[in-house]
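Taking the hints into account, I'd like the entire structure generated from these sequences.
In order, the protein sequence lines correspond to chains Y and F. Position in the first sequence (first residue = 1) + 344 = this note's numbering. Position in the second sequence (first residue = 1) + 344 = this note's numbering.
FYI, nobody ran anything at the bench for these hints, they're computed from the structure. Just to be clear, a hint being listed does not mean it is correct.
You can't tell identical chains apart in this list, so a pair holds if it fits in one copy or across any two.
With a cut-off of at most 25 Å between alpha-carbon atoms, the simulated BS3-like pairs for lysine-lysine come out as follows [as the list claims (entries may be wrong)]:
#, residue 1, residue 2
1, Lys512, Lys455
2, Lys397, Lys432
3, Lys731, Lys376
4, Lys400, Lys432
5, Lys472, Lys510
6, Lys432, Lys401
7, Lys362, Lys472
8, Lys455, Lys672
9, Lys618, Lys673
10, Lys376, Lys432
Here are the chains, one letter per residue:
There are 2 protein chains.
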Amino acid sequence: MKELIVQKYGGSSVADPKRIMGVARRIIEYKKRGFDLVVVVSALGNTTDELIKLAKKINKEPPERELDMLLATGEQVSIALLAMAIHKLGMEAISFTGAQVGIITDRTHTKARILKIDTRRINEELKKDRIVIVAGFQGITEDEDITTLGRGGSDLTAVALAKVLKAKYCEIYSDVEGIYTADPSIVKDAVKLNYISYDEMLEMASLGAQVMQARSVEVAKKFNVIIHARSSFSNKVGTIICEGGKKDMEDVIVRAVTLTKDEAKITICDVPDKPGLAAKIFGSISQAGINVDMIVQNTSRNRITDISFTIHKDILNKALRITRQISKKIGAGEVFADSNVARVSIVGVGMRSHPGVAAKMFEALASKNINIEMISTSDISISCIIKKRHGILAVRAIHEKFGLGGKR
Amino acid sequence: MKELIVQKYGGSSVADPKRIMGVARRIIEYKKRGFDLVVVVSALGNTTDELIKLAKKINKEPPERELDMLLATGEQVSIALLAMAIHKLGMEAISFTGAQVGIITDRTHTKARILKIDTRRINEELKKDRIVIVAGFQGITEDEDITTLGRGGSDLTAVALAKVLKAKYCEIYSDVEGIYTADPSIVKDAVKLNYISYDEMLEMASLGAQVMQARSVEVAKKFNVIIHARSSFSNKVGTIICEGGKKDMEDVIVRAVTLTKDEAKITICDVPDKPGLAAKIFGSISQAGINVDMIVQNTSRNRITDISFTIHKDILNKALRITRQISKKIGAGEVFADSNVARVSIVGVGMRSHPGVAAKMFEALASKNINIEMISTSDISISCIIKKRHGILAVRAIHEKFGLGGKR
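If you want it as structure tokens, here you go:
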């Protein structure tokens, strides 16, 4: 039996007829090398954003079922066009919507979860030696309502298909060549990583590296699906995302440096040091639908403490209003906000067993006179909130301090 | 139980967000008047043509299954947006693709025929007092492949739904106010008809009146579905298409005059007068996928005859090539073509029982010195092929001769 590869092409890879033909040629190359192929495609270019804009012209809060009905057309256009392109080049391909291929989800419209995938139809077509093209980002409920899987959902479709079809690996194509030690537009000698572990990739995805959707990395980790993140505009090898612990991954302590500039910081001063207050504060905030990112609370002195947290800067006003109400209710003090902050982070599984990594990061910042406003650490990452204007300088300093640049 | 109306809105009626809101308001008006509503929508504006253009950029002869996959997205966009518009105005609506609503067709991609419709889901939603919106033009095979019903297929969806749901009637909305005695842009005093019979409408549809797809009129006739053809841009009553024989329909002999300018004429001279030659000629032509319109053969003299026929002018070259081959094979003479022709026709069930109608039409043409090149008659229509430059003059003369203009 042939080995199966699942490939996923993002919107920029199929933005126009010329690029679609390019993708078709790449697919056929793989086919000729003897692989079975299941290809997942996103909507052309920024179709999804344009459809959302169109919907909002009619209804600013469109019913989510109907929004899914609308958005699912984007990927349906892509799969049909890609199948036509492959036929044009003389090979047989057949396209399927999420519904046709039996990607069954729950009823959470606009961010549905995959419950199961029926592989019957795909396997039938693969047996006929056809290239199978599947619409990413979409599924169907048991009642046959169309659902979508949320931003970056095509990655999830690809990883899930790779799992149920027992693919050799899952290639995720985009317009970047892989995962880098830092954003190459900031750090000139940033290096493409050959490998990164699922855990590191997860941290990086949530820290603002846009290559992969976090949920699909989670699923890949859970089912041990090997991902190859690479560019559809070159033939270069990209970055393999797999289980950590490989020999050539061990000797690196810090894998990469990331920067996010879309956060804002809120500080509640003089919070009484009583049990249950933090729960009260963040309970009310989450009830308002606000996602909190970092939370820092220091040891209290004189039975009061300060609590700081970060949120997406777009919802700062709403978050501030709610936080002030809570602060009053619980008898805390003033509430400050700062939207001129950035978060710089280092990620690496190696730091678990290497002391002194945090100190080295702080030294790098100190050497450039950059003040640290908040610190938060996880098992495999350390993040500092700093002034936004220092963001780029900080990334460069840390990247250099850990010697991540150049040939590796 | 409430009475049900099926409404169908064409592409021009939903060309942009403003028009979609207008359609939503009209639907809600009906709902408030106490009707149950099933609404069929076409793709926005000329989306279908644009999708075809996009496909042809990739593959000039796209596989038809994939073309259907692509084109079906047009109506899916419309139904989602219309449902959003109705929600915006505070009423409940739910959209369905052809697949979801169970419009099962055969496998003839790009011009599939409806085999059956499963009304379960529609009836469930109507019971919940929701407005049901259905994508026109599309269906699904038993194998769950998406199909489309051919040009004007949304009309067919609407008529078929009206039949299976036992609707009171089926409203077909477009940008014209109904069926006229002649094209109002040619004949100033052309009058909108209050009624027209299925048979007359069928003749008119095939004679170039663009209001309704011929196949859907056939289906309406077969199942006696009453159609109301009207404009989505006004509240005026349009034209009722129903069984002939109503009292107020009787006194009219000629219902309307039509003109088509997209035909070309081919004449084969000196065809030997032997049995089976006409079958040979038109057999070869139809095998080449060419649709022949009018065919005229006169009584032979000296054991030879001339045979003329008309075809769509876009395929004249191909048809001419084939006709010349056949002519040689069967020992006929020269083959002429003329693409500067027009067909002017009169339609009316009354002419069955009224002698002299043809003579009156020919008189009208003679009075303007217009030469008739071919004549063909059916039970309820008479068509003449004339020079294209005389087309408009001919329509006006005939319209006047039969006194079709003015108040009726």
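For each hint, the structure was consulted:
1. Lys512 <-> Lys455: So Lys512 and Lys455 fail the 25 Å test inside a copy (28 Å) and across (40 Å) alike.
2. Lys397 <-> Lys432: between (33 Å within a copy, 15 Å between copies)
3. Lys731 <-> Lys376: neither (53 Å within a copy, 58 Å between copies)
4. Lys400 <-> Lys432: Close across copies (10 Å), not inside one copy (37 Å); limit 25 Å.
5. Lys472 <-> Lys510: within (18 Å within a copy, 43 Å between copies)
6. Lys432 <-> Lys401: between (37 Å within a copy, 11 Å between copies)
7. Lys362 <-> Lys472: Result: close neither inside a copy nor across copies, 28 Å intra and 48 Å inter.
8. Lys455 <-> Lys672: neither (35 Å within a copy, 68 Å between copies)
9. Lys618 <-> Lys673: Within one copy only: 14 Å inside, 104 Å across.
10. Lys376 <-> Lys432: within (16 Å within a copy, 52 Å between copies)
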